[in-house]
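2 protein chains.
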Amino acid sequence: MNLEAKNNQYLINGMPSSGISINDRGLSYGDGVFRTFLVKNGVAQHWTLQYQKLSQDCQALGITCPSNKDLLKDLQIMFDDGADAVAKIIVTRGEGSRGYAFSDKIQTNRIVIKSAMPVYPSINQTQGVKLHLCELKLSQQKKLAGIKHLNRLENVLARMEWSDANIADGLLMDSNDNVIECTMSNIIARFGNELITPSLDQCGVAGIARARIIENATRFNLAVKIEALKLDKLMQAHEIIICNSLFGAWQVVELNGKQWPKQGLDAQLREMLLN
Amino acid sequence: MNLEAKNNQYLINGMPSSGISINDRGLSYGDGVFRTFLVKNGVAQHWTLQYQKLSQDCQALGITCPSNKDLLKDLQIMFDDGADAVAKIIVTRGEGSRGYAFSDKIQTNRIVIKSAMPVYPSINQTQGVKLHLCELKLSQQKKLAGIKHLNRLENVLARMEWSDANIADGLLMDSNDNVIECTMSNIIARFGNELITPSLDQCGVAGIARARIIENATRFNLAVKIEALKLDKLMQAHEIIICNSLFGAWQVVELNGKQWPKQGLDAQLREMLLN
Numbered sequence: 001m002n003l004e005a006k007n008n009q010y011l012i013n014g015m016p017s018s019g020i021s022i023n024d025r026g027l028s029y030g031d032g033v034f035r036t037f038l039v040k041n042g043v044a045q046h047w048t049l050q051y052q053k054l055s056q057d058c059q060a061l062g063i064t065c066p067s068n069k070d071l072l073k074d075l076q077i078m079f080d081d082g083a084d085a086v087a088k089i090i091v092t093r094g095e096g097s098r099g100y101a102f103s104d105k106i107q108t109n110r111i112v113i114k115s116a117m118p119v120y121p122s123i124n125q126t127q128g129v130k131l132h133l134c135e136l137k138l139s140q141q142k143k144l145a146g147i148k149h150l151n152r153l154e155n156v157l158a159r160m161e162w163s164d165a166n167i168a169d170g171l172l173m174d175s176n177d178n179v180i181e182c183t184m185s186n187i188i189a190r191f192g193n194e195l196i197t198p199s200l201d202q203c204g205v206a207g208i209a210r211a212r213i214i215e216n217a218t219r220f221n222l223a224v225k226i227e228a229l230k231l232d233k234l235m236q237a238h239e240i241i242i243c244n245s246l247f248g249a250w251q252v253v254e255l256n257g258k259q260w261p262k263q264g265l266d267a268q269l270r271e272m273l274l275n
Numbered sequence: 276m277n278l279e280a281k282n283n284q285y286l287i288n289g290m291p292s293s294g295i296s297i298n299d300r301g302l303s304y305g306d307g308v309f310r311t312f313l314v315k316n317g318v319a320q321h322w323t324l325q326y327q328k329l330s331q332d333c334q335a336l337g338i339t340c341p342s343n344k345d346l347l348k349d350l351q352i353m354f355d356d357g358a359d360a361v362a363k364i365i366v367t368r369g370e371g372s373r374g375y376a377f378s379d380k381i382q383t384n385r386i387v388i389k390s391a392m393p394v395y396p397s398i399n400q401t402q403g404v405k406l407h408l409c410e411l412k413l414s415q416q417k418k419l420a421g422i423k424h425l426n427r428l429e430n431v432l433a434r435m436e437w438s439d440a441n442i443a444d445g446l447l448m449d450s451n452d453n454v455i456e457c458t459m460s461n462i463i464a465r466f467g468n469e470l471i472t473p474s475l476d477q478c479g480v481a482g483i484a485r486a487r488i489i490e491n492a493t494r495f496n497l498a499v500k501i502e503a504l505k506l507d508k509l510m511q512a513h514e515i516i517i518c519n520s521l522f523g524a525w526q527v528v529e530l531n532g533k534q535w536p537k538q539g540l541d542a543q544l545r546e547m548l549l550n
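Read top to bottom, the protein sequences are chains D and Y. When we follow my numbering, the leftmost residue of the first sequence carries the number 1, and every step to the right adds one. When we follow my numbering, the leftmost residue of the second sequence carries the number 276, and every step to the right adds one.
Just chain D, with the same shape it has in the complex (with noise of 0.2 Å):
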């Protein structure tokens, strides 16, 4: 085990344990879901819309999610030090054999990690950040869109295009150019007083981040249009913004070869999300 994951603690369906079966569907199949979010003070932040999603997830692939009761009791176990920390729930579909068929009296395996909070530089905050623009681009499967799945070797091959510590984040593209999300975090894009973010009803994960911008745009007098978003038009934006529910809001000020002046909505948008 590496030096950072060494200081993790686990919970797997209540109990401690930093070990899964071998036969769990998560690893044969990445037959799961997963959740990745803020703690502070004990408390998990936004945890209705992080359990709602949870939920959803877990629907649209015919898993049965965990208890809310449970998580809730297996959070306050873990990070009832009081300190700032990161959760990240998995649930897979549980233990099977062989093939792809599942039993069903199959048991959901519900695992809680703790980890510290992310340090990322505060040049993201000060200065805005620059993507790598994916060559990679995302296949589409309407049966998957949108879900936070453990089937991420899209991501992990996206991740490997770049080794440059200055590049936040990358730009990721269905094959038709649509713009559709970044490894790691969601993307939305200001024209005038309008906000675009992709559909994702193709692929991406809809993130809890960005449905809250959603929600809450018109507190800082914009209007939001979910909709496809080519390259072309992205690069035509007053302001680009990737968010997630660890770091907030960052603005994108170089991509693709151009650069954008450092604005503000940024900052509004973090404050708005991280508290």
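Read the hints as simulated data drawn from the structure, not as lab findings. Even for Gly, the Cβ is constructed at its ideal location relative to N, Cα and C. Please note that the accuracy of each hint is not assured.
What the hints assert, rightly or not - Beta-carbon label-pair distances, calculated as ranges:
(1) Y:Asn468 - D:Ile226: 49 to 57 Å
(2) D:Gln107 - Y:Pro393: 20 to 28 Å
(3) D:Ser103 - Y:Lys344: 53 to 61 Å
(4) Y:Lys417 - D:Gln59: 30 to 38 Å
(5) D:Asp81 - Y:Asn288: 49 to 57 Å
(6) Y:Leu506 - D:Leu231: 32 to 40 Å
(7) Y:Glu502 - D:Ser103: 35 to 43 Å
With chain D held as given, fit chain Y onto it using these hints.
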């Protein structure tokens, strides 16, 4: 653990163990590959081809492949009783902390699982099999096409489409109505003295049984074409065969409302594949 899986035996990196780290990227992201094959009298069947494919798949994902020597030693330890059994090898990129990036010091985890010989209905050989035509359409991702990787949610969802025990497998197409494969097998269609098997450069898994049929077709006075194959054309085939390394080959005698008379190619191919 379910009853069937309880009798399995496991080696992780050469040591007996039935659990893997929660930090294994095989679980987090499906970041790994696998192989499944027969072991007869302690001998891994067609090991040269199996290891070659494992190496190719690892290389395609930038995963360090375990050495042939280590894997052969694992297999020797595990199958020294000389009984016939099934071996499954899973190779994951290794353990990592949160995030898609990984250290250049990451170490592959190799998992070997021994399980009992599968028991298939004898009528699959004597009378042929029925296929379900899957509603799910495979997504197209040329960077993953052909590879037997751990991102298998499409197969899982496709397999959930039927529960009739008389259906042997499900036929998968891509979104352009190209026939690709079945959930656990490859497909080959005979038109006169010519076999056609779908090209797998956009999706699907290129199995060893398929490769061996292509390689040995001349033995049966058959030519082979690897090309796009539409469902309409498949339905006009004189004979349809599905194949994998465990059951060998079966003839499809019912698909999408059409029936085919039982013929003899499946038995010839099975004889070649399983002996």
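Does the beta carbon distance between aspartate 81 of chain D and asparagine 288 of chain Y stay inside 49 to 57 Å, or does it fall outside?
Violated, since aspartate 81 of chain D and asparagine 288 of chain Y (Cβ atoms, about 34 Å apart) do not stay within the stated range.
Distance restraint evaluation - glutamate 502 of chain Y, serine 103 of chain D, Cβ atoms, bounds 35 to 43 Å
39 Å, holds
Verdict for leucine 506 of chain Y, leucine 231 of chain D (Cβ pair) under range 32 to 40 Å
At 34 Å between Cβs, range holds.
Lying within 53 to 61 Å: is that true of the beta-carbon distance serine 103 of chain D to lysine 344 of chain Y?
For lysine 344 of chain Y against serine 103 of chain D, whose Cβ atoms are near 38 Å apart, the range 53 to 61 Å is violated.
Honestly, do asparagine 468 of chain Y and isoleucine 226 of chain D meet the 49 to 57 Å range at C-beta?
Because 54 Å falls inside the window, the suggested range holds.
Is it true that glutamine 107 of chain D and proline 393 of chain Y lie within 20 to 28 Å of each other by Cβ?
24 Å, holds
Given the hint of 30 to 38 Å, is the C-beta distance from lysine 417 of chain Y to glutamine 59 of chain D inside that range or not?
31 Å Cβ-Cβ, so the 30 to 38 Å window holds.
When each numbered hint is compared with the structure, violations occur for hints 3 and 5.
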